[in-house]
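Chemist: So you can see what is in the structure, the chains are spelled out below.
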Amino acid sequence: MLHANEVQGLYVRYFDIETDKTLHKPLPIGIVHFADSIIHQKITPVIYIKNEVFKDINDNGIDSLSKNILHLVQQINNTIHQTPNTIQFDCDWTLTTKDTYFKFLKKYKQISACTTSATIRLHQIKHWVNTGFPPVDKGVLMFYNMGKIDAGNNNSIYDSKIAASYLEPLKNYTLPLDIALPIFSWSIQIRNHQVVHLLNKMNERHFDSDTAFIKTSKDRYRVAFSCFKGSYYFIKDDEVKVEQVSGNDLEDMTRLIQKHNKQTIHQIIFYDLDAFNLNNYETDTYQKVARYFN
Amino acid sequence: MKRIHTKKWRVILTSAVLILGGYAIVKACAGGDWEDGDGSNMAPEAFVDSAYRPFFYSDMFYYDINYDNAHDQRFNETNVAEWQSFLGKEISRQTIQFLLITADYNTIKGTYNFYQGKGNVPDAMKPYASNLHSGSAKEKAFLQYLTIAKACESFATNGVRNSWEYDEAKKPSPPPDNINANMIETLMQQASEPFLKERYWFQLVRFNFFNSIPDCITAFESNKKNFSNSVMYYRTMAYAAGAYYKQKNYSKANYYYSLVFAGNDALKTVAHYSFHPQEEKDWQQTLALCANNKERITLWQMLGVFYQDEMRSMQEIYKLDAGSPTLDLLAMRKINELETGNSKPQEINEAFAWYKKVTDENKESNPFLWNISTGYLAYMKNDFTTARQYFAAAEKKMPNTLLAKDQVRLMQLLNKVESLKTIAASDEQAILPDFEWLYGMTDSIAPHYFRYYAAAGSIKTSMAKKYAAQGDLVKSECFVTNTNFYIVPKNVEALKAYLTAANPSKFDLLCRKFSAKQIGDLWEYQAVQATFKDDLDNAITLMTKAGKNANKELLGNPFNGKIQDCHDCDHAQKQKVKYNKLSFLQKMKELKANVEAKNDVYNNALLLANGYYNITHFGNARYFYEGEVLGSGQSDPYAIDSVFKPMLTDNSLATKYYRLALQSATDDEQKAKCLYMISKCERNEWYNKTFFNDPKNNPEWGNNTNVDFITWNAFSALRKYKNTQYYRDVIQECGYFKTAMAK
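Which chain is which? The protein sequence lines are A and B, in order. Numbering-wise, the first sequence is residues 1 to 294 according to my numbering. Numbering-wise, the second sequence is residues 1 to 743 according to my numbering.
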C-alpha cells in the first residue's frame with residue numbers, strides 16, 4: 001500500500017516530553033524503538049511536547065531542552081542510519097505558553113539547522129490573531145478531532161459543520177501549511193448513554209464478526225452478552241458507536257479546505273498510518289485526495 | 001480500563017414544587033471537597049472485611065487512598081517483623097530497621113565485611129555497633145542476604161528511568177559489584193534455613209524479571225513447590241505473573257494475579273492494577289487453569305469489582321458457593337452504586353429480585369448484609385412495608401458493634417419517614433427519639449465510618465415536603481427553609497407564633513432548633529420591610545424586638561451622598577457617629593419628622609434620601625438589610641434571591657426624597673447636587689430593568705446591550721448648572737458624566 005501510493009515520507013513520533021513530577025524538569029517518555037534498522041521511506045521525527053512544559057521555563061531551560069532533544073533525536077536517528085533534516089513539533093500551545101514555545105522553536109532551528117514544522121490545530125487557525133504563527137518553516141494543519149466524544153450521533157473525528165466554522169480565517173493564515181488528514185478510526189463504549197471508554201483502533205471489522213455484538217445501525221452495535229474484547233470488558237446491553245472517516249469524507253475535507261485556502265498545499269499527511277488503518281481505504285483514495293491540492 | 005465515573009450526584013435530596021403556597025423546596029447542599037461516602041447511607045465498613053477496603057465503591061481510583069503509591073515501602077514493617085522473628089531478641093528492632101530500610105549498599109557491604117572479620121564497622125553503623133554480634137551465624141547470613149537485596153534495589157525500586165540517553169532509558173540500572181542471577185541462585189541453593197532460601201528465591205525471580213523474562217519464569221516455576229503461601233511467596237508470584245504478562249501469556253498471568261489477590265491483602269491493589277484479561281478466549285483459559293471453585297470464585301470476584309459487573313459475578317459465585325464471603329464486597333458495591341440515584345428503575349428492580357432471592361434462600365454467609373440490602377432496595381422502590389420486614393430481620397442478625405446498630409437504626413428511620421403519608425402528632429412522638437439521636441449526631445460521637453450526613457439532609461427534605469402537602473407551612477419551613485415563605489406576611493407571623501408559643505412539645509423544640517430563622521431574625525426582617533415602605537414608626541417598633549440584630553453596627557456613614565458610590569471607601573472612612581440598625585431608624589424618623597414639619601427641608605430631605613439610597617443594594621449600608629432572611633454578602637443583584645430583589649434594588653424612596661430636596665433647594669449648588677443624586681437612581685433603575693431583573697441578560701455572559709454612555713434625564717437637567725462648583729466636581733470625578741455631557 002505504501003509502495004502503491006508512492007509514499008515517500010513517514011512521520012514518526014520519536015518521543016513525548018512532559019514535566020517530571022518529582023524532578024520538576026522536562027523528560028522524554030515513550031521513546032520509540034525501531035524493530036528494523038532499515039527503513040526505506042524518509043523519516044521525519046515528530047516530538048510531542050505537553051503544554052505544561054512551557055509554563056514555567058526560563059531561557060536556560062529552553063536552551064537545555066533544545067540541546068537535549070537534539071541529542072536524543074540524533075541517537076535515535078543512528079539506530080536507523082538516517083539523518084533527517086526535518087523535524088516536527090506537536091504542542092497545543094496556549095496564550096500563556098506562546099512566548100516560551102516560540103522561543104524554543106527558534107532556538108531549536110538555530111542549533112539543529114533543520115527544516116522545522118509545527119502542528120497547527122483548528123482553533124489556532126480560527127484565533128490566529130491571538131495564537132500567532134509559530135516561527136517554523138511550515139505548519140501542519142491537523143484536520144481532525146473536531147467534536148466531543150459522546151454518546152450522541154456526532155462524529156468526533158470529522159464534522160463538516162464544525163470544520164467549516166473554524167476554517168474561514170484560513171485565508172489570513174500566512175504560514176505555509178501542509179495538511180494532515182485523519183485515516184484513523186475508533187469506537188466508543190457507551191453504557192446508559194454515558195461514555196465508558198474510547199476503544200482505540202477498533203472499528204466494524206472487529207465487531208461485525210463477533211457474535212457478542214449485534215449491529216443495530218450503520219455505526220452502532222449492541223452487546224449481546226458480557227465479554228472481554230481488546231482488553232476492554234463489555235456488559236450486556238452496552239452500546240458501541242464506531243467513528244470513522246470514509247473515503248468520501250476525506251474528499252469532502254479537501255474540498256472544504258481548498259474553498260478557504262489561499263496558498264499552495266505542498267504536502268498531505270495521512271495521519272496515523274499503520275497497518276490497521278491503511279487497510280480501511282481503497283488504494284486510490286489517497287491519490288483522489290491529492291488531486292484536490294494540485 | 002476502569003470505568004470513568006461521572007460525578008453527577010452531590011446530594012440524594014429531591015426537590016419538588018408544592019401546590020400549597022406555590023413554593024419549591026430548597027436543596028441542602030454539601031459544601032466543600034468531595035469525599036468518599038458523600039451522599040451515601042450505607043457504610044461498607046459495617047459489612048465487608050477491611051482487607052477489601054481499597055475496593056469499596058468510590059469515585060476515586062481506590063477507596064480512601066486514591067492512587068496506590070506504596071510500592072517501595074509496602075513491606076517495610078512486615079520485613080522488619082519477619083527478620084526480627086528469625087534473628088531473635090539479641091539484635092534490636094531499630095538495628096534491623098536501619099539495616100533494612102535506611103542503610104545504603106556500601107554500609108551493608110562494609111558491615112558484612114565486618115562480620116567476615118574484614119575491616120571495621122562502617123561509620124553509619126557505629127550507633128548500632130553494640131547490637132552487632134560478629135559471632136552470630138544468623139546475623140552474618142542476614143547481612144550477606146542484604147548485600148544482594150540492597151544491590152538489586154538499584155533497578156527494582158527506582159522505577160522507570162526517563163533519560164535523555166537512549167541506551168540508559170532502555171535498560172534498568174545495573175546492580176553494583178556485578179551481582180548477577182547465578183550468584184543469587186547459588187546462595188539460594190546453599191542457604192540452610194528455609195527462611196533464607198525463600199528470600200533468595202524472591203531476589204532471584206525479581207532479578208530475572210528485570211533482566212531476563214524467560215529465566216524469571218523458570219526460576220519461579222522450578223522452585224515454587226519448595227515454598228509455602230507466605231508473604232514472600234506471593235510477592236515472588238506477582239513477579240512471575242508480570243513475566244508471563246510480558247510474554248503475552250495473559251491467561252497464566254491473570255491466573256497468578258488472582259492467586260496473589262486472594263493470597264495476600266497487601267498485594268491486592270498490585271494484583272488489581274495488573275489484572276488484565278484481553279479477549280474472551282484468554283479469560284476462559286484463565287478460568288480453566290483454576291484448581292478448584294475457590295480459585296474460580298476469586299476470578300469472578302475480581303471481574304465483578306474491577307469491571308463493575310457485580311451482578312454477573314455475584315450470580316456466578318453464588319452458583320459455585322452460595323456461602324462464599326467474596327459475595328460481600330460485590331453486594332456492597334452494587335448497593336453503594338445504586339444508591340447514588342443514577343440508576344434506572346429497571347436496574348433497581350432487577351437488583352431487588354436478586355438480593356431478595358439470595359436473602360430468602362438463606363445460604364449466604366452474611367445475613368446482616370443481605371437483609372439490610374434487600375430492605376434498602378425495597379425502600380428505593382418505595383415498597384416500605386417490605387423494607388421494614390427486611391430491616392427487622394437484619395436487626396436480628398446484626399453484629400454487636402455500634403456501627404452495625406446505628407446503620408440499622410438509620411435505615412429504619414429513613415424507611416419510617418418515607419412511609420409516612422401524612423404526619424400526625426402521634427407520628428411526631430414516634431419518630432422523636434430517632435430524630436434526637438440522628439440530629440444530635442456529630443463526628444466526634446458517631447461510630448467511625450458511620451455515614452449519616454445524607455440521611456440527615458434527605459429526611460429533613462422529606463419532612464418539609466410532607467408538612468407542606470398537608471398545609472403546615474411553618475413546620476415545613478423549620479425543616480427546610482425557602483425564601484418564598486417570607487413574601488407572605490401571614491407565614492412570617494405564623495412562624496413567629498410557633499417559635500414563641502408557650503408549652504412547646506419536645507418535637508416542637510426540635511423543630512425550633514432546626515429553624516434557620518430565629519425570632520430575632522423575623523422581627524428584623526419585618527422591620528426592614530417596613531423601612532422600605534417608608535413606615536419608620538413601625539420599623540422602629542419591630543426592630544426594637546429584634547434582639548442583638550438591632551445592635552449590629554452599620555459599616556459606614558449611611559447618610560453619605562457622594563458622587564461615586566465607593567462602599568469600601570465609605571466603610572474605611574472615620575465616622576464621628578456610628579449607627580446601628582435601630583439608631584439608624586431613629587435618626588431617619590427624626591429627619592422625616594423635620595421634613596414633614598417643613599424644617600430645613602432641603603437638608604433633611606437630602607439626608608433622608610441618602611439614607612434610603614444607602615440601604616438599597618446600591619448603597620453603602622446593605623448591612624442594614626442583611627440577615628438570615630434576606631441573605632448577605634451578595635456582590636451583585638444577580639446573587640439576591642429573586643423574591644427579595646425588587647425590594648432591595650428599589651430606588652423610589654430615595655428618588656422621592658431627592659425630588660423633595662430639589663424642590664426645596666435654594667441655590668444652584670443644591671439643585672445640581674440633587675439632580676446628580678437623582679441621576680444615580682435613574683441609572684440604577686436602568687440596570688434593574690435591563691439586566692438585573694432578567695438573569696439571561698447578565699453582561700458577563702455576552703449580552704451586548706450598550707451601557708455607555710446614556711444621558712439620564714437628570715443629567716440633561718444638570719447641564720443647566722454648568723457654572724456650579726458641584727457640576728465641576730462631578731465632571732472631575734465622574735468620567736461617565738463628562739463623556740455624556742460631551743456628546
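Please keep in mind that the hints were generated in silico from the structure rather than gathered at the bench. Where is the CB? At the ideal position from N, CA and C, for every residue including glycine. It cannot be assumed that every hint is accurate.
Which stretches of chain A does chain B cover? Using the computed rule of at least three CB atoms under 8 Å from a CB of chain B, they are [unchecked claim]:
| # | stretch |
| --- | --- |
| 1 | 37–44 |
| 2 | 226–233 |
Each computed DSSO-like pair below joins lysine-lysine, with the alpha-carbon atoms no more than 30 Å apart [as the list claims (entries may be wrong)]:
| # | chain 1 | residue 1 | chain 2 | residue 2 |
| --- | --- | --- | --- | --- |
| 3 | A | 201 | B | 319 |
| 4 | B | 248 | A | 201 |
| 5 | B | 252 | A | 218 |
In silico contact screen, one side only, chain A against chain B (beta carbon under 10 Å); selected entries [unchecked claim]:
| # | residue |
| --- | --- |
| 6 | 156 |
| 7 | 157 |
| 8 | 212 |
| 9 | 214 |
Chemist: Look at each hint and say if it fits the structure.
Modeler: Hint by hint, here is what the structure shows:
With 0 residues having a beta carbon nearer than 8 Å to a beta carbon of chain B, the stretch 37–44 of chain A misses the requirement of three or more and the stated coverage is violated. Given a C-beta distance limit of less than 8 Å, the hint that chain B covers the stretch 226–233 of chain A holds, as 8 residues qualify and 3 suffice. Under the criterion of a C-alpha separation no larger than 30 Å, the hint pairing residue 201 of chain A with residue 319 of chain B is inconsistent with the structure, at around 37 Å. A threshold of 30 Å between alpha carbons decides the hint, and for residue 248 of chain B with residue 201 of chain A the separation of about 19 Å falls inside it, so the pair holds.
Straight-line distance between C-alpha atoms of residue 252 of chain B and residue 218 of chain A comes to about 38 Å, which puts the hinted pair past the 30 Å bound. Violation of the interface hint for residue 156 of chain A is found here, the shortest Cβ-Cβ separation to chain B being roughly 15 Å, above the 10 Å cut-off. Because the closest C-beta pair between residue 157 of chain A and chain B is about 20 Å apart, greater than 10 Å, the hint is violated. Annotation: interface hint on residue 212 of chain A holds; nearest CB of chain B at approximately 7 Å, less than 10 Å.
Taking 10 Å as the C-beta cut-off, the interface hint given for residue 214 of chain A is violated, the closest approach to chain B being about 16 Å.
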